[in-house]
Amino acid sequence: MSETRNSILTKLRKTRDAHPLTPPASDFAPIEAKQWAEEERLPRIRRLMEAVHTEFLDATEADWPAVLREFLAHEGVGSLIYAPATDTGKRLVEGWDASSTALIPYDRPLEDLKPRLFDTIEAGLTTTRGAIAETGSLILWPTAEEPRTLSLVPHIHIALLRADALYDTFLQAMRDQGWAQAMPTNVLLVSGPSKTADIEQTLAYGVHGPKRLVVLVVHP
Amino acid sequence: MDGNAPDFAAASRAALADPQLRGNFRRAMDGLMSKRAAQFSDAGEWHGVRALAASVRLRALSKLPELLETLEETCTRNGITVHWAATTDEANAIALDILHKTNAKLVVKGKSMVTEEMHLNAVLEKNGIEVLESDLGEYIVQLDGTMPSHIIMPAIHLNTKQIAHLFKRKIKDAESREDAAYLTDLARRVLRAKFQAADVGMSGVNAAVAETGTLCLIENEGNGRMCTTVPPVHIAFMGLEKVVEKLEDVPPVISLLPRSATGQPITTYVNMISGPRKPGEKDGPREVHLIILDNGRSSIYADPELRDTLRCIRCGACMNHCPVYTKVGGHAYEAPYPGPIGKILVPQIEGLEKRGAMPHACTMCNACVEICPVKIPIVEIMGRLRVEAVKPSGAVKDGGAKASRTEAMVWSGWAAMNASPTAYRVATLAMSKLGNAAPSSLPMLKEWTNVRTKPRFASRTLHDLARAKGVPDV
Amino acid sequence: MSAIPKPTRVYYFGTCLVDLFFPDAGMAGIELLQSQGLTVVFPQGQSCCGQPAYNSGYRADALKVARAQLDLFPGDDPIVVPSGSCAGMMKKHWPDLFHGEPDEAKAVQVAARVWELTQFLVHVLDVQLTDKGEPVRVTWHASCHAQREMGVVEEPKALLRQLANVELVELKREKECCGFGGTFAVRHPEISAAMVGDKVADIEDTGAARVVSGDCGCLLNIGGSLEAGAKAARGQHIAQFLKERIHGR
Chain A
1 MSETRNSILT KLRKTRDAHP LTPPASDFAP IEAKQWAEEE RLPRIRRLME
51 AVHTEFLDAT EADWPAVLRE FLAHEGVGSL IYAPATDTGK RLVEGWDASS
101 TALIPYDRPL EDLKPRLFDT IEAGLTTTRG AIAETGSLIL WPTAEEPRTL
151 SLVPHIHIAL LRADALYDTF LQAMRDQGWA QAMPTNVLLV SGPSKTADIE
201 QTLAYGVHGP KRLVVLVVHP
Chain B
1 MDGNAPDFAA ASRAALADPQ LRGNFRRAMD GLMSKRAAQF SDAGEWHGVR
51 ALAASVRLRA LSKLPELLET LEETCTRNGI TVHWAATTDE ANAIALDILH
101 KTNAKLVVKG KSMVTEEMHL NAVLEKNGIE VLESDLGEYI VQLDGTMPSH
151 IIMPAIHLNT KQIAHLFKRK IKDAESREDA AYLTDLARRV LRAKFQAADV
201 GMSGVNAAVA ETGTLCLIEN EGNGRMCTTV PPVHIAFMGL EKVVEKLEDV
251 PPVISLLPRS ATGQPITTYV NMISGPRKPG EKDGPREVHL IILDNGRSSI
301 YADPELRDTL RCIRCGACMN HCPVYTKVGG HAYEAPYPGP IGKILVPQIE
351 GLEKRGAMPH ACTMCNACVE ICPVKIPIVE IMGRLRVEAV KPSGAVKDGG
401 AKASRTEAMV WSGWAAMNAS PTAYRVATLA MSKLGNAAPS SLPMLKEWTN
451 VRTKPRFASR TLHDLARAKG VPDV
Chain C
1 MSAIPKPTRV YYFGTCLVDL FFPDAGMAGI ELLQSQGLTV VFPQGQSCCG
51 QPAYNSGYRA DALKVARAQL DLFPGDDPIV VPSGSCAGMM KKHWPDLFHG
101 EPDEAKAVQV AARVWELTQF LVHVLDVQLT DKGEPVRVTW HASCHAQREM
151 GVVEEPKALL RQLANVELVE LKREKECCGF GGTFAVRHPE ISAAMVGDKV
201 ADIEDTGAAR VVSGDCGCLL NIGGSLEAGA KAARGQHIAQ FLKERIHGR
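Chains A, B and C supply the protein sequences, listed in that same order. Reading the first sequence from the start, the letters are residues 1 to 220 in UniProt numbering. Reading the second sequence from the start, the letters are residues 1 to 474 in UniProt numbering. Reading the third sequence from the start, the letters are residues 1 to 249 in UniProt numbering.
What the hints contain is simulated information worked out from the structure, not anything from laboratory work. Heads up, a few of these hints could be off.
Said to hold, decoys possible - As a list, the in silico SDA-like pairs of lysine to any residue whose alpha-carbon atoms are at most 25 angstroms apart:
#1 Lys278/B - Thr70/B
#2 Lys11/A - Thr70/B
#3 Lys375/B - Ser26/A
#4 Lys114/A - His100/B
#5 Lys172/C - Gly207/C
#6 Lys375/B - Ser299/B
#7 Lys231/C - Arg26/B
#8 Lys194/B - Glu111/A
#9 Lys161/B - Arg192/B
Whole structure, please, built from the sequences with the hints as guidance.
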């Protein structure tokens, strides 16, 4: 198909050169101007995300596993899949024994987990790389240790958000974290549980992705 | 696609005669317009981000061949296999080839307008491959055996009751419940089994980043993520105009697209894919293919005026605001892209012989132009296509297809009358004296008087009145 | 629009639809301008802005007609047009239509001097109207081209609000096209009928006795439809409505 490729590119180049186009400069100021005071960011994120049915839990570095354990027990969640090789995963398992929720490590390829992941495991835990105040969005940065299906397949997605990792805009997060230099296989912004309005514009939650999104805010 | 020219007038008559459909669209579009307006309540912000997004699209078009080459390079470096297709047939053949090589039997699809353009589903089914649309709206439309009626909300023409009936007929064990939550959950159950079993996932692309070799997809349901994450092979389809230069160019587009489309600040998921599963990673497809489709786009690009058509980011806001679309709905256009963007894009892709009527299905009210997030001069392009239909410059496929000697003579006569003060005076005098005697059965008057009284010629023209009242002439 | 100093003399371009169907509205516009102390010049050689052919794809015919108007407006005096659509054609599309033609510069010069009537009354003349009419409820229909090509949105409503005995009730979908669209109304009569049907329903919901507009295409369509449907409301051009109000009839 390289013949097709070359003929398309040749045609584009020829016709563009015949009628060059001078685009106006891209002024990012209207996006850069969107800023919120530090103390406003989390409440704003919370408000925007709660408006689309996201749930929030507050915790500290010391007690987040306990807060999570309690929440899962209270909600009657029988199983939680997590990333065992991450620091978060290691913290999670410490002293979990007493819990009524079974911990399942995501320690093998998806192919070997598929039926359980789709049919029996109720919740998945991931970290985040921060959140965005403008739109109320979590930044998910899946890795080899923390696979992307953790936040996709189980009915409940629990996302750990550190309250000191908040950004004003998508643009700011991408610049500050240097995304363009090293994009991983998959990056996600997640702004709520899965939803649809395809049936007569009636909002319904949990169509294909998680039915519930729970943000576990870890305050410093 | 069939060879017959679609008859927009006939199809729109049928749509207008369906009060259910009229009501569904009126309600839906009214809601979408007010939700969008609420998102852009800060006029300064709207103008600023809109100018930025337009500049991003224009910059991409200004470097289109170079950016496509860079995209190919960065994608390839990331492990994505890039394919080029000049026509929809070529694109279908490439897709089929990948499917055969992977011995695929079941395909799940996320929303992709390009695959609608290709009629890919029909091709796959003909080749014995089961293909399932997974966006809820697309799934509904596929079950119903029809086409999407809106590019963002494919099943907007149906109400809950109609969908409940459809599910009852088509899905095993479905209860007859007119409840969106129940119906959504039903679809969830059916489709989760399919996501798990699928051999290949397919998707469109909202923006492809040349700088990093990244495919961006936005969606609310999670089906796009399912299709691009769970099956072992992912095939993404994009029109060649979908490339942007830098990763930083994505936020302005993402900022405007969902707000314009459905009035939400952002979609639930923004999914950025930069390659297949890497060694050591536990999930993600093992192969990612990107099929870049031309299908007439390079010809659109060739003309400096028509080129602006390719700025489009497919938000569908032009449909929501189009008074014609709102009345007749998407199906009347019988095209993958309905509404204003369809009226300029489809005739350029499919030619004016088949689609010459589309640019005339417009009152040129400019409501679409007012809200287009990337400032496409839709109505100017519409006007240009009307010219190409009767006086071809060679820029558009089947130019001149609507040329008519009679029509040309009428306009030439009209011009002669209006270009000469004497002729104009004689003609208007005649109309003032005799015009009202014209029978309503005359062509044009007949259509006009269908719901209106006959326009009444005044007995004296303004020219006469001004002269009589001594209004100076110079 | 950039306001200009108040002139002493203006040109008036009446438009073909006003000429044939609404000459009284055209005359009312002239008289409104005269009442502000202006000399109004109505070049008798004028006919049409060329829009019908322009929008139908017959640009050469449109150019021929537009060209016939060009020499009627010598000098720098503003050109006032009692139609947002025709004003938009002249102001916005003439420069494109004449692009590359020998008289392009002249067309651009003329285009730059074009004003829609209410825009001119508000921004240049800053008119203050005294209402002498009986109490009445009206609604305003905004023509698409007045709004979106000439940027005329608030001006006519501001004028109507100056009138003490006039109650202005706005339409629910003020910005939505009435379905005229020139040849659209006869090319797609059913869709056009559906559009004007929605517009008429919207007008009826306001309970207005009159729907006032600044464009005669819309008025032929809406007014004709109101009449055919034997509705109580009537359409009227804003120039004529304003003139009647300040003269108390």
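* To do: Starting from the hint list further up, note which numbers the structure goes against and sort them upward.
  => Hints that this structure does not satisfy do not exist here, as all of them hold.
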